[in-house]
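Chains as they are written, first to last, in my numbering: chain A, 305 to 431; chain B, 17 to 402.
Don't read these hints as lab results, they were simulated from the structure. Just so you know, not all the hints are guaranteed correct.
What the hints assert, rightly or not - Simulated pairs of lysine-lysine, DSSO-like, Cα-Cα distance not exceeding 27 Å:
no.: 1; chain 1: B; residue 1: K192; chain 2: B; residue 2: K313
no.: 2; chain 1: B; residue 1: K269; chain 2: B; residue 2: K319
no.: 3; chain 1: A; residue 1: K387; chain 2: B; residue 2: K319
no.: 4; chain 1: A; residue 1: K307; chain 2: B; residue 2: K36
What the hints assert, rightly or not - Below, a sample of chain B positions facing chain A; criterion: calculated Cβ distance under 7 Å:
no.: 5; residue: T69
no.: 6; residue: N362
no.: 7; residue: Y379
Here the structure is a predicted model, which is why all the values come from computation and not from measurement. Glycine included, every Cβ here is placed at the ideal spot set by N, Cα and C.
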Amino acid sequence: MKKIIVKGKAKGVILKSKNPINFLGSVDKKSGVIHNEKYDIFNKSIKDSVFVFPHGVGSSVGAYTIFSLKSNNTAPVAMICQKADLTVASGCALANIPMIIVSNDEFDSIEDGKEIQIDTESENILN
Amino acid sequence: MELTKEEQAALNGEMGESLKTAYRILVATGEATNAEKLVPIQWAHLSGVNYNTIGDSGEEFLSMLSKDAKVKVKTTLNPMGFDIDNVSKYNLDQNFIEKQQSIRDSYIRMGVEPTFSCTPYEIYDLPEKNTQVSFAESNAAIYANSLGNLKTNKESAFSALASALTGKSPYSDLRKENTESSTTIRMMLENPNEMDFGLLGFFAGKVADTSVSISGVAKPDKRSCKSLCAGMGTSGTCAKFDFVGEEDNDSEKVDFGKEEMNNIFDELNTTESGDVITLGSPQLGLDELSDLSSMLKGRAFTKNCMIFCPRAIQNQARKLGYTNEIEKAGGEILSDCCTCLTPLINKDETDAVTTNSVKAAYYLKNSTGVDVNLKSLSKIVEEDTK
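The shape of chain A in the complex, shown without the other chains (with noise of 0.2 Å):
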């Protein structure tokens, strides 16, 4: 069952963590890259990526960050979450970057590294 947050189309390589991600000062504007060491993916960057992970936590403002992602081109074309939280919500919906929400076993199901394509027009939202 996928739910559609933010509606678009999208094409890239997904970039998978197993935490929750707090955007606001977790992920380095500039560049894109997740300098929390506490992430699974410390050091890489989302930058073009379909970024999947469980859900946003933590600061309201993480909100701003991912439209400053957005304005600085360092953002990930998709974001795919387990459950949806408003500060990512409310950033994709700003930024226009595709979201959905996924079951948990479609969530489980998807891997790291594999390109993907996303249309919430289409019939297989995922491709």
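Model the placement of chain B on the given structure of chain A, informed by the hints.
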């Protein structure tokens, strides 16, 4: 989510770009919270004020938005980067000051009250029970739901802004009548201080979903409650807690004992001593300044101590004389800003900070990039004053 004709027209852009943007945000957050409709709110509290956190793109966005956007309800806002009264003492670059002033001006143009506080509940009387509000700033949202008898989502900077501009918010589960929490945390520690409550909050945020019950504590004092709210808001998505008697529901039970506390402490505490002390995150209220004033009687800090409180509270504290002892002890009182992400604390000039705030510890470590020495207020007074 169902929209009224008027809401749909605004989403389609028939009422201008600002409202179109606001409704686009509300639709996304409505889907995210499984809301079936939008409901009116009475008060919005915004985050996204400090230039350090929102940067150039945030500053430009607000500048554009404020050309025609106006808030429809009472709207307050979070701290910015500095206190204009003493910023000249700090080595802050002119660009930061100008960009911060631009952000401030944009908010004022939109009709926002320039409170610059993360503790709106310290400044204003809260509206009547079950009033719908939209608070970003996680500690304030959790406080409103759990202790203030208000109803809010744990709003994001943009969802609260969208609520301010439209006077509406998605009718999520958190806005409805009380629902049972699926998790109960059993507080096993005896005589916890405010820092222990912050650690409990940080732990609760990690294990709980949207709301959590906490057993094993009598209602703590306000300082500890604020610390609990702030810790919880930092680590998770949990937006509400309630104190319950032991075993009074069928929820999943999770213990918070010495071991759990030490694990969180070790995650956040990175050094044994700080160069600077900070008190406030959340900003202190009048009672806390009064307590501090008594605790500091005849004592002096052995290192710099920055004390953050809202402007309105500082003014009251000056009238009541609470600031005398604090300033005599060498404490510096700052308003309009707070420990978390103020550029007044930076790694070029500071290696480590001592604080009793779990929330501050997280952001000092992860955003500011300095070491953190976490200890309770009584221990700070005992060890860092003479």
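Structure-based check of each hint:
| no. | hint | result |
| --- | --- | --- |
| 1 | B:K192 / B:K313 | violated (47 Å) |
| 2 | B:K269 / B:K319 | violated (43 Å) |
| 3 | A:K387 / B:K319 | violated (45 Å) |
| 4 | A:K307 / B:K36 | holds (22 Å) |
| 5 | T69 | holds (5 Å) |
| 6 | N362 | violated (14 Å) |
| 7 | Y379 | holds (6 Å) |
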